[in-house]
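Colleague: Generate the whole structure from the sequences, applying the supplied hints.
In order, the protein sequences belong to chains X and W. The working numbering numbers the first residue of the first sequence as 1156 and each following residue consecutively. The working numbering numbers the first residue of the second sequence as 1156 and each following residue consecutively.
It is worth saying that the hints were derived from the structure and are not from the lab. Accuracy of the hints is not assured; some may be wrong.
[Unchecked claim] Below, simulated DSSO-like cross-link-like pairs (lysine-lysine); rule was C-alpha separation at most 27 Å, straight line: (1) W:1304 x W:1512; (2) W:1474 x X:1484; (3) X:1169 x X:1247; (4) W:1450 x X:1313; (5) X:1484 x W:1161; (6) W:1484 x X:1475; (7) W:1484 x X:1313; (8) W:1474 x X:1474; (9) W:1474 x X:1475; (10) X:1475 x W:1475.
Quantities reported herein were computed from a predicted structural model and do not represent experimental measurements.
There are 2 protein chains.
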Amino acid sequence: MNINGKAFRTIWVKPGDEKVIQIIDQRHLPHQFVIEELETVDQMATAIKDMHLRGAGLIGAAAGFGMYLATLEAPGNDAFDQYILLAAEQLKSTRPTAVNLAWAVNKQLDAIQNGNTIREKINIAFTIANEIADEDAEHCRRIGEHGLKLIEAISETKNGGTVNILTHCNAGWLAFVDYGSASSAIYTAHDKGINVHVWVDETRPRNQGASLTAWEMAQHGVPNTIIADNTGGHLMQHGLVDMVIVGSDRTTYTGDVANKIGTYLKALAAHDNNIPFYAALPSSSIDWQMEDGLKEIVIEERNGDEVKYMEGLCDGEIKKVLLTPFTSKAANYAFDVTPARLITGIITERGICEPNKESILNLFPEKK
Amino acid sequence: MNINGKAFRTIWVKPGDEKVIQIIDQRHLPHQFVIEELETVDQMATAIKDMHLRGAGLIGAAAGFGMYLATLEAPGNDAFDQYILLAAEQLKSTRPTAVNLAWAVNKQLDAIQNGNTIREKINIAFTIANEIADEDAEHCRRIGEHGLKLIEAISETKNGGTVNILTHCNAGWLAFVDYGSASSAIYTAHDKGINVHVWVDETRPRNQGASLTAWEMAQHGVPNTIIADNTGGHLMQHGLVDMVIVGSDRTTYTGDVANKIGTYLKALAAHDNNIPFYAALPSSSIDWQMEDGLKEIVIEERNGDEVKYMEGLCDGEIKKVLLTPFTSKAANYAFDVTPARLITGIITERGICEPNKESILNLFPEKK
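Modeller: Structure representation (structure tokens):
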């Protein structure tokens, strides 16, 4: 998507230097636009773990490029394979909840072993990393086409009046390689001239909505309003939300959706007010082994300081302020699980399905 | 309650100078403890409107003292009554949602007109202001005694194990004259040696939980953990919350509860997980005219900058940081309404009742 009129992805091979991966360092958004160069597995693991980049699809693409960087730095002898396996473990351990991460790493491991020489293995890793990124972008584009129909239908019932869509966290193009999941249908509808307005949950504690979603929506010209996470229920009670679209970090094949902490609360409110609630996700986010999201999905706990301190712009500099008593304890669960019973539908690259095993497997029969 | 071992209320007449009202200026908490002196109606109106003080009971007491200040500064001639009426309107208009405000102002208006001389009117206003404050404290103390039984019962089912209580915003003693509403039973239980632990919703956008509730709980020695507002649903899904107690800014006589924005979302989650959800409130918060909270209660909209900017401590100073793109729009609804159907019970100074007209009027038969 465009930034200041120039097309960008969130991760790419540096033009003219294939040994360097470039990313948008999202820690500086929305105040500064910074491109970071990554040349080692350690750097990529840090970028994932410390959230220079984040989001289901982008984490997968980053892991793919991380494995490529591993092939570049691995010793050129019998220790090569062992080095690659260690790099794989390192990358997988950075964010436990994101299914795309292990998926991309395993895809690379499977492919790399088909190379007969180290040069071949490097070439394979490069190709696969780019394929993962391209596929992510293409899947997101298709999600937008399918989701567009839902927005068009609501627009028709409102005689072309504004369709108000609430979203949580950033499942925008900054969370993927391009287009985004939850955002893709919104961009597609906006580009077609449908009147859309987005309620952007600020998404505490890391404020991905306030800092990333609001920024990318504004860059694309989509009308949006930032709200505290507490606000969505009130808006829904008063008819100010027509639909909810969120992303997903891990989805069971039975339709339970793990997404940013607080998603479950919005699903409850949507259900209580008969408002359609959709999760938009590429199938790479679907965990084909997990049946019960609430019992089985491991929820990452992050440092409580992310709750206690907040970063923002002050006098032209990024500063961190303490919100709480200095000695207070804070808990910081990063995700929650929305049970399938609260979800209207799942928007995938192959179409829209109901949040249950039968409907999901009908779209992905090869997983049966 | 105690601050650094010394007993305080949130508002009081300055010892040795009855023309000055002192308050804890809560804007500086939890980082600095500042006492502000108020000598005019204008100053009191500003203190209420700009939230130097806040909270249902405290706003009522402040309005009572504000009317007393009005009698002091009113002209000593025929214009006295007109001046008092204008001051009443000024105070009432500061915070539209809080029912205690109009209640306290009207109580003063009724009483003041019984004075035959201006000196008598001033004396009456002084007495009534102190009575309103004392009654608020006493009602909160009784709420704690009634609510204690609920906590004791849960403690028994857990064989004395920790009772985990989630609260939203600050319905602590800082929101009243003393004890608090939602907090009163917690303090009472803690003082009796019951193991309680409080999940403190940070309560965006103004962070009253993170800054005020966490501070006052810590001052009293009650174990507590601050969480993002998004977190409560996840905790409830995983058995980490035994009960929810919130306050109320306005309660219909049918049991609908207007409280800080986001309360409705926690009530939905409690309901979905079979967790008892209580609103604790002195009867001064009950609106005996309103039948349908969702349709009738006016919800205050505040400046969007409260969402976009956040204040906290940075390098020893209070600083304000921008969280969002500079040009972004933010909406800031201050309260929402939790319908009676999601509420387990209402804890008042006279006891606990169900959230319906019959049960509420049985406790307050004089309102029939």
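Colleague: With reference to the structure, classify each hint as holding or not holding.
Modeller: Evaluated hints:
1. At most 27 Å may separate the alpha-carbon atoms for a hinted pair to count; residue 1304 (chain W) and residue 1512 (chain W) meet this at roughly 23 Å.
2. For the given pair, residue 1474 (chain W) sits about 22 Å from residue 1484 (chain X) by alpha-carbon distance, which is consistent with the 27 Å threshold.
3. In summary, the hint linking residue 1169 (chain X) to residue 1247 (chain X) is supported, as the alpha carbons are separated by about 24 Å, within the 27 Å threshold.
4. Straight-line distance between C-alpha atoms of residue 1450 (chain W) and residue 1313 (chain X) comes to about 23 Å, which keeps the hinted pair within the 27 Å bound.
5. About 24 Å separates the Cα atoms of residue 1484 (chain X) and residue 1161 (chain W), which keeps this hinted pair within 27 Å; it holds.
6. Note on residue 1484 (chain W) and residue 1475 (chain X): the hinted pairing holds, with a Cα-Cα distance of about 22 Å set against a maximum of 27 Å.
7. Distance hint between residue 1484 (chain W) and residue 1313 (chain X) is fulfilled; the C-alpha atoms sit about 24 Å from each other, no more than 27 Å.
8. At roughly 9 Å between alpha-carbon atoms, residue 1474 (chain W) and residue 1474 (chain X) fall within 27 Å of each other, so this suggested pair holds.
9. Between residue 1474 (chain W) and residue 1475 (chain X) the CA atoms are separated by roughly 9 Å; this keeps the pair inside 27 Å, and the hint holds.
10. Of the pairs offered as hints, the one joining residue 1475 (chain X) and residue 1475 (chain W) holds, with about 10 Å between alpha carbons and a cut-off of 27 Å not exceeded.
Checked against the numbered hints given earlier, this structure breaks none of them.
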